[in-house]
Amino acid sequence: MSDPAAETDTDRPNIARVYDYLLGGSHNFATDRAFAEEFLARWPDARETMRVNRAFLARAVRFLAGEAGIRQFLD
Numbered sequence: 001m002s003d004p005a006a007e008t009d010t011d012r013p014n015i016a017r018v019y020d021y022l023l024g025g026s027h028n029f030a031t032d033r034a035f036a037e038e039f040l041a042r043w044p045d046a047r048e049t050m051r052v053n054r055a056f057l058a059r060a061v062r063f064l065a066g067e068a069g070i071r072q073f074l075d
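Position 19 of the sequence shown, counting from 1, maps to 19 under the numbering used here, and the rest follow consecutively.
No lab work stands behind these hints, which were simulated from the structure alone.
Just so it is clear, CB atoms sit at the ideal spot from N, CA and C, and this is done for glycine as well.
Please note that a few of the clues may not be correct.
Restraint-style ranges between C-beta atoms, simulated for each label pair [as the list claims (entries may be wrong)]:
id	residue 1	residue 2	range
1	LEU64	GLU38	29 to 37 Å
2	ARG54	THR31	21 to 29 Å
3	LEU74	ALA46	23 to 31 Å
4	ASP75	ALA30	22 to 30 Å
5	ALA65	THR8	30 to 38 Å
6	GLU37	GLY66	21 to 29 Å
7	ILE15	PHE56	17 to 25 Å
8	ARG42	GLY66	33 to 41 Å
Please construct the entire structure, taking both the sequences and the accompanying hints into account.
Written as structure tokens, this is what we have:
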């Protein structure tokens, strides 16, 4: 079995880690942060847009799991 940490490419930005950075997370690297800052320079509202997206996702899953009775989700 391979070590996932050994396979992590930290020299190139990863969209999941950029998203993490924009949401204030800590699971990102310098290259992800640099890319995110360039992205924010072009789209200053991106951070708020990501927060709104995350809030919508939480509401949608809560509804689907509660009222709609969905029990399995794919991410």
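Return holds or violated for the Cβ distance of ASP75 and ALA30 against the range 22 to 30 Å.
-> Holds - the Cβ-Cβ distance for ASP75 and ALA30, about 26 Å, lies within 22 to 30 Å.
So the hint says 21 to 29 Å: do the beta-carbon atoms of ARG54 and THR31 match that?
-> holds, 22 Å
Go ahead and decide if the range 21 to 29 Å is satisfied by the Cβ distance of GLU37 to GLY66.
-> violated, 38 Å
Given the range 33 to 41 Å, decide if the beta-carbon distance of ARG42 to GLY66 lies inside it.
-> holds, 38 Å
Distance restraint evaluation - ILE15, PHE56, Cβ atoms, bounds 17 to 25 Å = holds, 18 Å
CB of ALA65 to CB of THR8, is that within 30 to 38 Å?
-> For THR8 against ALA65, whose Cβ atoms are near 31 Å apart, the range 30 to 38 Å holds.
ALA46 and LEU74 - C-beta distance against the hinted 23 to 31 Å | Given range 23 to 31 Å: holds, Cβ gap about 26 Å.
C-beta pair LEU64, GLU38: status relative to the range 29 to 37 Å that was hinted = Once the Cβ atoms are compared, 35 Å apart, the range 29 to 37 Å for GLU38 and LEU64 holds.
Checked against the numbered hints given earlier, the structure breaks only hint 6 and satisfies all the rest.
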